[in-house]
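There are 4 protein chains.
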Amino acid sequence: MSITVAVIGAAGRMGSTVCQAVEQAEGLELVARLDVGDTIDVEHLGGAQVAVDFTVPGVTEANVHALVDAGCDVVVGTTGWTEAAYERVREHLARPEAAGRSVLIAPNFALSAVLAMSLAARAARFFESAEVIELHHPDKVDAPSGTAVATARGIAAARAQAGLAPVPDATQTDLHGARGAVIDGIHVHAVRLRGLTAHEEVVLGNPGEQLTIRTDSFDRSSFMPGVILAVRQVGWLEGLTVGLDAVMEM
Amino acid sequence: MSITVAVIGAAGRMGSTVCQAVEQAEGLELVARLDVGDTIDVEHLGGAQVAVDFTVPGVTEANVHALVDAGCDVVVGTTGWTEAAYERVREHLARPEAAGRSVLIAPNFALSAVLAMSLAARAARFFESAEVIELHHPDKVDAPSGTAVATARGIAAARAQAGLAPVPDATQTDLHGARGAVIDGIHVHAVRLRGLTAHEEVVLGNPGEQLTIRTDSFDRSSFMPGVILAVRQVGWLEGLTVGLDAVMEM
Amino acid sequence: MSITVAVIGAAGRMGSTVCQAVEQAEGLELVARLDVGDTIDVEHLGGAQVAVDFTVPGVTEANVHALVDAGCDVVVGTTGWTEAAYERVREHLARPEAAGRSVLIAPNFALSAVLAMSLAARAARFFESAEVIELHHPDKVDAPSGTAVATARGIAAARAQAGLAPVPDATQTDLHGARGAVIDGIHVHAVRLRGLTAHEEVVLGNPGEQLTIRTDSFDRSSFMPGVILAVRQVGWLEGLTVGLDAVMEM
Amino acid sequence: MSITVAVIGAAGRMGSTVCQAVEQAEGLELVARLDVGDTIDVEHLGGAQVAVDFTVPGVTEANVHALVDAGCDVVVGTTGWTEAAYERVREHLARPEAAGRSVLIAPNFALSAVLAMSLAARAARFFESAEVIELHHPDKVDAPSGTAVATARGIAAARAQAGLAPVPDATQTDLHGARGAVIDGIHVHAVRLRGLTAHEEVVLGNPGEQLTIRTDSFDRSSFMPGVILAVRQVGWLEGLTVGLDAVMEM
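Residue numbers (the UniProt record's numbering), protein chains in the order written: chain A, 1 to 250; chain B, 1 to 250; chain C, 1 to 250; chain D, 1 to 250.
Extracted from the complex, chain A is given alone in its bound form (with noise of 0.2 Å):
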């Protein structure tokens, strides 16, 4: 028994490529392919059980009210989501129409860049020093990435619950900023580099000893293990879950 998957935005750029990989996946199948002007209805998507909505922060939120009233578990990669409307969306799926009905939404679908996070989460607590590079071709506008600003949150959370002093760092002198920003008390340094795609490091340090993890993402094809991941398990969540790693049982 298959799984039956329509693809929401299926001519966009990642939706294209999801439609691609969901036909490849094993146990999944692609029974609609949605994009704008099409109407989100029961009729239209030919009796998908999970929809994958890859569109634009102006129509995501509207289209997964319509998915859940049409039957779908839904999993979401369009960005641009806030906590009001995660709200909305959980007030939704409470609704007793909506019983059994789960939402995935996850602002990044790359298994590796996802351990990462939670890997240097994890470790965190038992180093004195950690710091976060991030690195990414050079026309993206903001720095440092939401990624490393994550990661870096992350690290300093963990850090506090295990009661961590500061990191160390004798620094009198910087006149240029090479010290890079500052994101709950982890410094965290953005290169931007002609061949690259989108790459994080995590460095953390004890006396005598390092540990690295690094994520590399050559491209948009990084995505889709994540996606397949997702849609294979929203059906065994509930409501709404925000982040990938609910999904990664981690």
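These are computed hints drawn from the structure, not numbers from a lab. Bear in mind the structure is a predicted one, so any value in this text is a computation, not a measurement. Each statement offered as a hint is correct.
Some chain B residues judged to face chain C by a derived CB distance under 8 Å, without partners named: (1) Glu128; (2) Ile133; (3) Pro138; (4) Arg192; (5) Arg194.
Estimated spans, in silico, between C-beta atoms of each pair: (6) B/Gly243 - C/Ala160: 43 to 53 Å; (7) B/Gly163 - A/Asp219: 19 to 29 Å; (8) D/Glu238 - A/Arg220: 53 to 63 Å; (9) A/Glu238 - B/Gly243: 27 to 37 Å; (10) D/Tyr86 - C/Trp236: 33 to 43 Å; (11) C/His44 - D/Leu175: 56 to 66 Å; (12) B/Gln161 - C/Ser221: 33 to 43 Å; (13) C/Ser16 - A/Val141: 26 to 36 Å; (14) D/Ala99 - C/Glu26: 46 to 56 Å; (15) D/Arg220 - B/Val36: 30 to 40 Å; (16) A/Val141 - C/Ala165: 45 to 55 Å.
Just so you know, even glycine gets a beta-carbon here, dropped at the ideal spot from N, CA and C.
Add chains B, C and D to chain A, keeping to what the hints say.
Chains B, C and D alone, transformed into the frame defined by chain A:
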């Protein structure tokens, strides 16, 4: 209230470093230093609650039994233990007069090395490919390192449990053996380079993405945070525990 | 004044990428695209000063002779050349009617790969230890890569010239072959990992220090800067040149 | 025939390590150890052909002049030299009575660090992007390191000479300064991590490819091969030479 500590093998390279580390650690008090020729009994242990044994394979088992008899919890860094010797310690600890005593034997106290192994096993099931590269000083007589073999076995076990297919490898021609050792289906490479101490890199790959976990031990001091952690936690364990993982609660 | 360029094998994967790169390069003008079935002569070359051949081993030698006869300088990226074929090109270029013509044949146009090899050979004589690790996608059928073998040979030659002793290696036990291939005395390791393309790392070690030179080729576009450089410089060469190094003036 | 060597500052940390290294080096003979309070003259230098000065900024210039007067060639590892002090040494060496004497002053004797700088400058003109990441122990008071600044300047100079455009960087938002220091147009990042000593990584990028040059100094012994090389070669130089590069013939 400090934890009182005795060091057995206190005159050796590791033992003397342990003495220093205990003296500097907050909440620990060094109350006895024993070495060759010293009797291990209540009198000479100076009221130690925990004893740390860094001696030699020929005497460590007898030391552990004597230390348990003297009422100590024991942390052991000496190598050369066999499964039969573990069993004899288990039986010794199961006797009514040893009630409440615990023994922790760890082949490796470097937190980053133990973590790398544990994190690699955790991440392995999400990746199609996995290989291990270990790098050591050129005076090491065996290859690959015991840690690399253990890491490969941990990865292989995690893959098997997740039902993964063998790692992909189209190699048809490898006249000189460049693909390295194969341990439980995982390729392991050993580099020997002047200037290095003990290092290990685990590389995990999926289409379009890579996760790298690397550990560097630069010198003997890298074992001390693990020893101190073990001294602090051994009292919470029961019976015999093998491996530092247990006290890292991961 | 632009340099006018013809691409031979213009419909192939590499050829079509070269066409794009030439069109986008400042100071270069694409004047002819030839492929299977097109005659290589003055008429079809559209006045090209430089021709770039990315065809197949079976026809590239005949193409080069025809291009020289048509008055072009030639840049060749096709593989499969033998020393005998090189010699026939040298003789062809030595004829009076070929005066001023030049041919550059390069097995690898990735600047970073060519540089890594050259820099490693330059640095090698200052280090006691040296090893090579190459990493590729798991569909590669041979190990180690030709580039890694060439790199190891270059390092070995530089060490021999400097009178260095063999690399130190105390390994006595290596049942599974973890120490990898030995090429001219240099250990070479081959990793095969899904997600990777073509990568090489040279590690050089002395007491207390390490130098690492690493090259990553993420995709086919990595060859274009080298091709464009060759097109710009081939006119300054004389006769036959093998390898991109010559135009990199290193 | 050995080269006879005197060490000035022989009781200091670096000086005593130099004494050991000279004693172990083939073809070198340690004939004098001078320190605070010893007069630098022919009598106390024991016939040394080469003197190595690892003292302190306040006395090194006077030492060098006295050593030249005593007929020695001089290798200097003490820091704190100014351009004016260099000029006074040049004038001192230009006098007829100093004919044939040479002085080599090097801010850094770690071969891998000097090589990394030199190789990075050599490679820089072939790449669209370049950044520098230096990593040190957390007790260092200044950031970025002098070596990183020198490396960035060397890269910038090579790019300028090759007529390269500024490095691409679309960053519009960097509230926390994650993009680091900018030295002559090259971004420099400084990491401070317990367990590290002195490390530097230069990353160079083009479409689809990356070249990385990394140097690791694990301890003080890493300076000795450079010092020994300088002692062997200083006699072949003339006048004043600044930087180890000259004797590395690169």
